[in-house]
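Participant: This is what each chain is made of:
Protein chains: 2
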Amino acid sequence: MIGFGVVGQSFVKLLLSRSAELYTQYGIKPRIVACLDSHGSAISPGGLDLERLLHAKRARGTVGFYDKNSSKFDPIHIIETVDAEVALESTPTNLNGAEPGMSHIISAMRTGKNVISVNKGPLALAFPSLIELADYNRVMFRFSGTVGGGTPILDFAKRCLKGDRILSFKGILNGTTNYILSKMEEGLTYTAALADAKQKGYAESVPSLDTDGYDAAAKLVIMANWVLGMKVTMKDVRRTGIARVSLSDVKKAQEAGKAIKLIASCDNKHLEVKPTEIAKNDPTCVDGTLNAVTFSSEHSGQQTIIGRGAGGMETASSVLRDLIEIRDIVSEKIAY
Amino acid sequence: MIGFGVVGQSFVKLLLSRSAELYTQYGIKPRIVACLDSHGSAISPGGLDLERLLHAKRARGTVGFYDKNSSKFDPIHIIETVDAEVALESTPTNLNGAEPGMSHIISAMRTGKNVISVNKGPLALAFPSLIELADYNRVMFRFSGTVGGGTPILDFAKRCLKGDRILSFKGILNGTTNYILSKMEEGLTYTAALADAKQKGYAESVPSLDTDGYDAAAKLVIMANWVLGMKVTMKDVRRTGIARVSLSDVKKAQEAGKAIKLIASCDNKHLEVKPTEIAKNDPTCVDGTLNAVTFSSEHSGQQTIIGRGAGGMETASSVLRDLIEIRDIVSEKIAY
Chain A
0 MIGFGVVGQS
10 FVKLLLSRSA
20 ELYTQYGIKP
30 RIVACLDSHG
40 SAISPGGLDL
50 ERLLHAKRAR
60 GTVGFYDKNS
70 SKFDPIHIIE
80 TVDAEVALES
90 TPTNLNGAEP
100 GMSHIISAMR
110 TGKNVISVNK
120 GPLALAFPSL
130 IELADYNRVM
140 FRFSGTVGGG
150 TPILDFAKRC
160 LKGDRILSFK
170 GILNGTTNYI
180 LSKMEEGLTY
190 TAALADAKQK
200 GYAESVPSLD
210 TDGYDAAAKL
220 VIMANWVLGM
230 KVTMKDVRRT
240 GIARVSLSDV
250 KKAQEAGKAI
260 KLIASCDNKH
270 LEVKPTEIAK
280 NDPTCVDGTL
290 NAVTFSSEHS
300 GQQTIIGRGA
310 GGMETASSVL
320 RDLIEIRDIV
330 SEKIAY
Chain B
0 MIGFGVVGQS
10 FVKLLLSRSA
20 ELYTQYGIKP
30 RIVACLDSHG
40 SAISPGGLDL
50 ERLLHAKRAR
60 GTVGFYDKNS
70 SKFDPIHIIE
80 TVDAEVALES
90 TPTNLNGAEP
100 GMSHIISAMR
110 TGKNVISVNK
120 GPLALAFPSL
130 IELADYNRVM
140 FRFSGTVGGG
150 TPILDFAKRC
160 LKGDRILSFK
170 GILNGTTNYI
180 LSKMEEGLTY
190 TAALADAKQK
200 GYAESVPSLD
210 TDGYDAAAKL
220 VIMANWVLGM
230 KVTMKDVRRT
240 GIARVSLSDV
250 KKAQEAGKAI
260 KLIASCDNKH
270 LEVKPTEIAK
280 NDPTCVDGTL
290 NAVTFSSEHS
300 GQQTIIGRGA
310 GGMETASSVL
320 RDLIEIRDIV
330 SEKIAY
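Protein sequences appear in the order of chains A and B.
Numbered per numbering that gives the first Met the number 0, the first sequence spans residues 0 to 335.
Numbered per numbering that gives the first Met the number 0, the second sequence spans residues 0 to 335.
To be clear, the hints were calculated from the coordinates, so they are not data collected in a lab.
Heads up, a few of these hints could be off.
Stated by the list, open to error - Below, computed lysine-lysine pairings styled on DSS-like, alpha-carbon distance capped at 27 Å:
no.	chain 1	residue 1	chain 2	residue 2
1	A	K161	B	K279
2	B	K279	A	K257
3	B	K251	A	K279
4	A	K161	B	K161
5	B	K197	B	K273
6	A	K157	A	K268
7	A	K251	B	K257
8	B	K279	A	K250
9	B	K161	A	K28
10	B	K273	A	K161
What the hints assert, rightly or not - Partner residues aside, some chain B positions facing chain A, computed with beta carbon under 10 Å:
no.	residue
11	L13
12	S16
13	G148
14	P151
15	L160
16	D163
17	L166
18	E276
19	K279
20	P282
21	Q301
22	I304
23	I305
24	G306
25	S316
26	L322
Stated by the list, open to error - Label-pair distances were calculated between CB atoms; the ranges are:
no.	chain 1	residue 1	chain 2	residue 2	range
27	A	S204	B	K279	29 to 35 Å
28	B	R57	A	Y22	54 to 60 Å
29	B	T110	A	R51	57 to 63 Å
30	B	E131	A	G4	44 to 50 Å
31	A	A242	B	K268	45 to 51 Å
32	A	L15	B	Q198	56 to 62 Å
33	B	E131	A	L15	57 to 63 Å
Built from N, CA and C at the ideal position, the CB exists for glycine as well.
Could you put together the complete structure from these sequences and hints?
Facilitator: In structure tokens form, the structure reads like this:
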């Protein structure tokens, strides 16, 4: 486990609470053999004690206090030398160069580890290259948690619409901006709504990752690559944030039975993120921190999937899904 | 192919239009070796000519005119003696005994054929027994098209929420009643809205299958069995239709920011279909002929999936998904 923030800790709690069922239902009994955060590391080839790991983080702020052997700390060295089947990269998303996540993922793949990433940065900036690197090293690369949190948006598109051809998709991929726009519908100004979002913990102190549409654009890039097979990165997205949406714009839309939403869209050619008026009874028109995506397919029509786009435990459940899938595919390969 | 109505014909058109891609992408090249409708049959072990099959149906009203050899007509005998890997049952849903679909499915399974059903009757009345029969005969049984038409509601629950535990679900499973209730929100009385639905072809001349909640109840039973592993049939559903919903009920709900919808719900113990007030901004609150289901899971929270619940081509796309899945599993078994 590389990174041990909210998602990492939730994932460990999930393993603790569901270990019996994971074994009986899916035949897996995951061991965590190494865990790094920004200040230290804990390593145990036989498997770390998960309660103790959580305790070290909670009580001392870093997993480095898990035991006495964990003082030395070189993330790349640990990633390359630890014997593990899967690396989970959950360090914070950085859309400006994607480090340190990018180096972590590359090191893990090069040393034959399957990778699960909930970090959007490396995918947004270098999706096509990372897929190639994974193929070259014959490892699997999964990232369900990067789009939609616990809502299986990527899986839905890839699995549930098999046999059909997805032509385009569009929707709300960022909960923070959707919360702000929903609050503006209740009458708050942009500034007041943003302050409210910060106070509730939905927006960062420097909120431009959300409000300028970078986060939605990153998710759009991931979807376009994975769902439609496009080879695109952040620079291919036309991006407009919500900072210039005024209260009078919002009211005008309301009077016409519409709402302004930060819509991310992909029509198989163009990628765009921008504030857009949509009808109130459009299934994509959801309020609060919800995410919603509508897929248009050739034969099965339009389908919308809606859910919370964030949350530690929700995103951890995505990681677990990825892990089960990797395990299923690995066992199949061995069987052949 | 047993039954050759709108879904069956759409499926054949889908095969015609996508044959090249089905072969390159999924490695399948389906042949239809027999096709029955209520008046006749067409049989060809080498594979029927699909254009000719469609033409016979269109021009003469039955596939019996496909060629001169197709005069004799005993459905069960044909199902049992034809050499086929998969039987597609698409005769009309009959919730009063489930025939003739029930006998067709039983005959197909007993003679070792995998079964795809878009007919809800047999599943609503005898889901647990049919699953047992399929297991006993070592055949696969799929029925994606019975719930949600082309919207992969069953697949979503079964595949995309792997590793999590679905605790309950609820939603709108019948498009006709949803259309009627949406029209009542626009001011039409129940009688006028029903007449409008009949005129648009959304409601049958005897509409009680929809308006009394039987159709929604049938889908609820299928979902409860497949998604939650319950062993239930139609008689386990508490069912109330929409005939007693008055225009003043609808208006009262509207004034409170709500809408009355025919909600089917399952909490892992009780199954119920009844008109229910839900908030206008609830993701499940969709208008027109749309279907919407919200799943509540232990870790990944609530997720809603929305789409048209009917349509020939949409439902045919579900059949194709089932066929691809059966083929995938069969090839795997052979590989082992």
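Participant: Run every hint past the structure and note whether it holds.
Facilitator: Quick rundown of the hints versus the structure:
no. : hint                        : result
1   : A:K161 / B:K279             : violated, 32 Å
2   : B:K279 / A:K257             : holds, 14 Å
3   : B:K251 / A:K279             : holds, 20 Å
4   : A:K161 / B:K161             : holds, 17 Å
5   : B:K197 / B:K273             : holds, 22 Å
6   : A:K157 / A:K268             : holds, 19 Å
7   : A:K251 / B:K257             : holds, 23 Å
8   : B:K279 / A:K250             : holds, 18 Å
9   : B:K161 / A:K28              : holds, 16 Å
10  : B:K273 / A:K161             : violated, 33 Å
11  : L13                         : holds, 6 Å
12  : S16                         : holds, 9 Å
13  : G148                        : holds, 8 Å
14  : P151                        : holds, 4 Å
15  : L160                        : holds, 7 Å
16  : D163                        : holds, 5 Å
17  : L166                        : violated, 13 Å
18  : E276                        : violated, 17 Å
19  : K279                        : holds, 8 Å
20  : P282                        : holds, 4 Å
21  : Q301                        : holds, 6 Å
22  : I304                        : holds, 5 Å
23  : I305                        : holds, 4 Å
24  : G306                        : holds, 4 Å
25  : S316                        : holds, 4 Å
26  : L322                        : holds, 8 Å
27  : A:S204 / B:K279: 29 to 35 Å : holds, 34 Å
28  : B:R57 / A:Y22: 54 to 60 Å   : holds, 56 Å
29  : B:T110 / A:R51: 57 to 63 Å  : holds, 59 Å
30  : B:E131 / A:G4: 44 to 50 Å   : holds, 47 Å
31  : A:A242 / B:K268: 45 to 51 Å : holds, 49 Å
32  : A:L15 / B:Q198: 56 to 62 Å  : holds, 59 Å
33  : B:E131 / A:L15: 57 to 63 Å  : violated, 36 Å
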